[in-house]
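Chemist: Those sequence lines, one after another, are chains A and B. So in the numbering used here the end of the first sequence lands on 591, straight run, no missing numbers. So in the numbering used here the end of the second sequence lands on 1373, straight run, no missing numbers.
Any given hint could be a false lead.
Pairwise CB distance ranges, derived in the manner of DEER restraints [stated by the list, open to error]:
1. B:Gly1229 - A:Trp537: 27 to 37 Å
2. A:Gln461 - B:Pro1301: 45 to 55 Å
3. A:Arg290 - B:Val1187: 43 to 53 Å
4. B:Arg1307 - A:Gln529: 54 to 64 Å
5. B:Gly1212 - A:Thr397: 44 to 54 Å
Now the stretches of chain B that chain A is said to cover, found in silico as 3 or more residues with beta-carbon under 8 Å [as the list claims (entries may be wrong)]:
6. 1129-1143
7. 1232-1238
8. 1284-1297
Quick caveat, the hints were computed from the structure, so don't treat them as lab data. A quick note: this is a predicted structure, and the numbers were derived from the prediction, not measured. Idealized CB from N, CA, C, for every residue including glycine.
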Amino acid sequence: MSLVHANMVDGIALPRLVWLHPNLVGLAFPLMKLLPARFIIRKALESGELRPGGLIAETTSGTFGLALAMVARLGGHPLTLVSDPAIDAPLKRRLEDLGATVHIVREPGASGGYQQARLAVLEEVLAGSPGSFCPRQYSNPGNPESYAACAEQLAHATGAVDCLVGSVGSGGSVCGTSSYLRRMFPDLVAVGVDTHRSVIFGQSDAGGGRTLRGLGNSLMPQNVDHTAFDWVHWVGAAEAFLATRRLHREHALFAGPTSGAAYLVADWWARENPDQLVAVIFPDEGYRYQDTVYDDAWLEAKGLRLDVLPRGPVEWARPHDGDDPWSSYRWGRRPYPEVMRAPGPRRELVPA
Amino acid sequence: MSARAAVPLADVPLASPAAARTAAATATTTAMTSVATSAAASVTTSVATSATATGTTPAAPVDRRASVRTIFPPPGEGARPGTGEVHAHHGEIVQGVFYADGVLEHGLVTLPCSLYRTRARFRPVRSGPLTVEPGDRRRARAAARLTLDALGRTGWGGAIRIDGNVPLRWGCGSSTTDVLATIRAVADAFDAVLEPAWAARLAVAAETASDSLMFAPGRAVLFAQRRGSMLLDLGGPLPPVRVLGFNTEADRGVETLSLPPVPYTAWEREAFGPILGLLRHAVERQDPALLGRVATASTLINQRHRPKRSMPRLLEAAAEAGALGVQVAHSGTVAGFLFEPGEGASPRVERAREALGRLGMHRSWEFTTDLSPHPEPLS
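Please put together the full structure from these sequences, using the hints given.
Modeler: Structure (structure tokens):
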């Protein structure tokens, strides 16, 4: 391998591995979505789905768009991104600086919120430009497959891994990484971190948007393989934000709030299971959140400032819309319908 | 049984081309026996046919060069008879596809096996035909021609004799051992020592696909068998393991060179990266347990494409016996249960042997990749 990377995407696609506790290793990505973006575009070029110089279009308001913009720019592809007003201005400027065209959808859809509305606009863009390619990170199997590179790096560095913790948004990182690690370590425990009003693990998205962004979803992504998960945790925004700050204050690891949510759960799991080697995925850096998560005044104003973290999750007997700030459920690697069909908690009959 | 079934080295009657050479051939047999017994290898079997194997008494050291010279008088003219010896392998620890500069290449890491070896002897002549014995070893003949050319001896000829005990069509690299031993014998005749990478290129040119035996056993490498080049030097030998070997197809085998490349799924194509990552860790830490995980992972993927008979029950038996993993010849029929090195594993090896017997695999053998002695564990 050359000591000089071919380009910036190759240079920063893989995470830095950092010990946080003797049994907890953090996978600190500068921009995790570079892995699926690079892989999906590479595969599309190989298969001929995307022609050299062809248009790429995708719906995103987050880091997948930024990753695509970097990959598209380096590969010489025009890029159209369909987003919603939640996109922050600095990100939009950065995308445009990389040559992307950013469409903002102003009205949410009747059902499925902005994401549904964005998908409708995306279909129009694709239909209007024959030969264009849409990566579709929520359903493209290349998304989870791209995390083999991450599993390789982790296995090379640490050998056996007992538990993998990560936030779930598209299903790519945790489902992909765990599927590859389990080929070698079938007993690997996969812990998914979700947030309130995300539909991924059985809550409903009724009652307004999610405060904690970057994980969870208001539509069910095809790439979420529910049978990958042994446990699911739901973490609230305030708790995730404080955990993000703890990660920075205690480990000098400057990351975004999805990392904080994952850290909260992984730190607890590692302390509860000192004999296990735990790996936790941190998907992005903290720069985008300096005026929010990293600003105490903003946290105070939003009523999201906490002084102490909960000691542990409230374990639920089934997924529901409860508002415990941090809850967990033993998913047990079951398919989604099976979990949802399972009867609620029942009092055990005491034999006479 | 095939023409060259897996019989222990001492049992191999060296084909002697002329009756007059019988005495010399006997001397050579003795020499080879002393080599075999010094290797960490033993063969056990529950059928009687080759039971003589384990009882071989090491002969007094014999000057091998002297005995060889008895067979082949020195030809003069700057060349002398050359010999080359190569260990076979016992299938692979991993075989799949791996990224090299962004492109997927077929690659493998073999499990060196000291039980089986091939020797080639080459008697050069300045001009004349190039013959090989046994006569069906055309790839070895081609390799000799290529090596002569590579050494600037175009037009030279001579006689190549190949003998050894590497089973054919089991996936133990019999073809490569023929080719490689021949390349080494030809080089030796001119006092040349070939770099492994050079030998690899000649081997691939002679037989289209080649194993990585030129690097064994001191160095584990990820080798592109269809390209004949090293994809990755793992930086050390494989971790030490005891191997309980057996053949999943009794004494039958498969024609390994004619097999087409495996059509891996998109998921599988990426799966070999993480497996390689773990193998690198296992080699760096010399961790036998993780080597077992690597082998089993590759075996499981291979099973979807080139299924071995009884594999689910073999995996079960390995787990029950406490083996570290199961390796296979991905394009052959041999397989092995891996155990930690040393005597501590003996009860587990015995349990596994019994389980194999219950599955109808009565013939098994044992070898180790471990070249260092192991003290008894502290109790």
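Chemist: Evaluate each hint against the coordinates.
Modeler: Here is what the structure says about each hint:
no., hint, in the structure
1, B:Gly1229 - A:Trp537: 27 to 37 Å, "violated (50 Å)"
2, A:Gln461 - B:Pro1301: 45 to 55 Å, "violated (30 Å)"
3, A:Arg290 - B:Val1187: 43 to 53 Å, "holds (51 Å)"
4, B:Arg1307 - A:Gln529: 54 to 64 Å, "holds (59 Å)"
5, B:Gly1212 - A:Thr397: 44 to 54 Å, "violated (27 Å)"
6, 1129-1143, "violated (count 0)"
7, 1232-1238, "violated (count 0)"
8, 1284-1297, "holds (count 7)"
The structure fails to meet hints 1, 2, 5, 6 and 7 from the earlier list, while all remaining hints are met.
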